[in-house]
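Protein chains: 2
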Amino acid sequence: MAPKAGQPHAVVLAGGAGERFWPASRQHHPKPFLKVVAGKSLLDATVERARRFAGPERVWIVCGREHAPAVRRATGLPAQRVLVEPDRRNTAMAVGFAAVCIAAEDPGAVLAVLPADHVIPDARAFTAALRRAARAACGAQVLVTLGVKPTRPDTGYGYIQVGPPAAGHRGLRHVRRFVEKPEAARARRYLRRGDYLWNAGIFIWTARTILEEIEACAPDLFRALEPLRSARRRSAELLERAYRRAPSLPVDVAVMERSRRVWTIPVSFRWSDVGTWQSLADELGVRPGRSRVVAGDLAYDDTGGNLVWGQGGPIALLGVEGLAVIDTGDALLVARLDRAADLRRVVAELKAKGRRDAT
Amino acid sequence: MAPKAGQPHAVVLAGGAGERFWPASRQHHPKPFLKVVAGKSLLDATVERARRFAGPERVWIVCGREHAPAVRRATGLPAQRVLVEPDRRNTAMAVGFAAVCIAAEDPGAVLAVLPADHVIPDARAFTAALRRAARAACGAQVLVTLGVKPTRPDTGYGYIQVGPPAAGHRGLRHVRRFVEKPEAARARRYLRRGDYLWNAGIFIWTARTILEEIEACAPDLFRALEPLRSARRRSAELLERAYRRAPSLPVDVAVMERSRRVWTIPVSFRWSDVGTWQSLADELGVRPGRSRVVAGDLAYDDTGGNLVWGQGGPIALLGVEGLAVIDTGDALLVARLDRAADLRRVVAELKAKGRRDAT
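Residue numbers (the numbering used here), protein chains in the order written: chain B, 35 to 393; chain D, 35 to 393.
Be aware that one or more of the hints could be misleading.
Copies of the same chain are indistinguishable here, so a pair counts whether it falls within one copy or spans any two.
The calculated lysine to aspartate or glutamate pairs, modelled on EDC-like cross-linking and capped at a C-alpha distance of 20 Å, are [what the hints assert, rightly or not]:
hint	residue 1	residue 2
1	K385	D331
2	K74	D121
3	K183	E214
4	K387	E53
5	K385	E260
6	K183	D286
I should point out that these hints are in silico values taken from the structure, not numbers from a laboratory.
Just chain B, with the same shape it has in the complex:
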């Protein structure tokens, strides 16, 4: 029996910590809240895209307890649309929890899963891709993942190798396999071959299909979700128990890499997960000789090529290039942009030193 066609929903995942944006992003002020592009936060921009696809009534957000008040304030969403996780359990649990909640309200729902910290300037192309993917997800009962045509041999993203075209759904492709972040040489080969796409971590599926595939591919997770599905009311206690039982896995690992029902929709619009200061610098157009200022007053910069985030007082850069200079008033980072991925180590070391004020 074909599933009853439901409404489009959008689930924004706002759970990440964004340690690689230290010191601008902190535990109390994580990456989705950073106003990095045109004075707008990544969360604001993502919710805008979510509304465009799903309409204002069917946007959901999954976030941690400590950020829920800020999320409600920032987005204006009603409380029942903000799904508060009692604990961090990575994205498999987050999308499972969202699917259970949405299915309870709209059993035929098709939903798009959007991480809250991506930059996608072309909202129209993005929405069109989501719509096409949603038709496939409903019609063929598949999990669709957005695959972005790579523009450089990036070693910071996972890749999708595309398979043959999907019958009856123009533009959709089967997925041959997922591959982890490659070495530089392999990333260059993927770029040359042309049949590899960046795995954007943006998904489109019906609530029913994802729950079926969780059951098939990640039975532990399914068992953790089960009590939430059958409960008439999802009490805090019930939720906490579910989260305690749930494995902590990315949905890619728990479901996508194992499922036989995965398609991808290749897209070529600009997309970035702005995972590091380097990728934000790229996104903002930092290049040799040209600096970009996210905030603050860059009063002097004779060399250029830097990413600057200041606090109001004048900043002078003399003879330096390729740096991230991030001054939040209570902490200061000066880092080579091409070492930005190692910022995790910095934060880990500050934590190890018991410097909670710093993290």
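Assemble chain D onto chain B, guided by the hints.
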């Protein structure tokens, strides 16, 4: 007639702006006030050296009007020992003014002129050199300049070429000539030859000799000083008029390079005018792999070789070396240490932009 032998005095010149220490040094908080070495300001350390040579009663300071209260507070000197310049007229006028004031009190005075912003760790060797120079200055009625044996081909200092030994004063030498800051190749030649010394800008002379040589070499300056010499009371008005008339020249140019009565005392103790962040870094022992923190909390630094001045919040440096990172809370400088001499340009540009808050 041989001059009556007077007492040793010391004149601390605290007039400089220290723009090359921006942003730590500002118009309201110039370089001599910076606590850069062992938590002590350069001014404190200089006054200590001055007292060691001249005794606590005969230390004088020349400074600008805006810094006089801070100078009095910092040094505890009585008001009549703080010679307040109504305007900036460079060092020729400053030493002329000091000589006039000291001669009025002690006509046979011998005096050492000490810039307030030098670092000289070996106070004992320094005092011994000043004493020997003072005997020569009194006995032979010459201007003595301290010549520091160079340890590297520095292009930031002027040089003195030494002449033959001075008869009757062991360790003193005639001066063949003064040379301006040289190019790198010439500085290397000077270092190899061995008969060139750094011109430290530290002088020893009697009040009588310097005033005679000002008369002979810089008659304009002498005319400006004349009314101050003959006045019974040096009113503010008289002083202002004198400063308006005085040429604005360094004493090296106005007197030392022209006078025929100049000797030098070569010394080999460690001396630095810490004229730039680079020279402060050298002084503090910054070298590849080793950073130094003047103030603040360097919480992470994986590469080293940086000079850091912070404000309390954690500072993280990732993959950078050879930098000055100077955060004063209201301004931030990130500069390559080997470009530190160009900081003047930065300050000039901030001034040109009307950024008075920044300078």
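Exercise for the section: Against the structure, test the hints numbered earlier, and report the numbers of the ones violated in rising order. Expected result: When the structure is compared with the hints, numbers 2 and 5 turn out to be violated.
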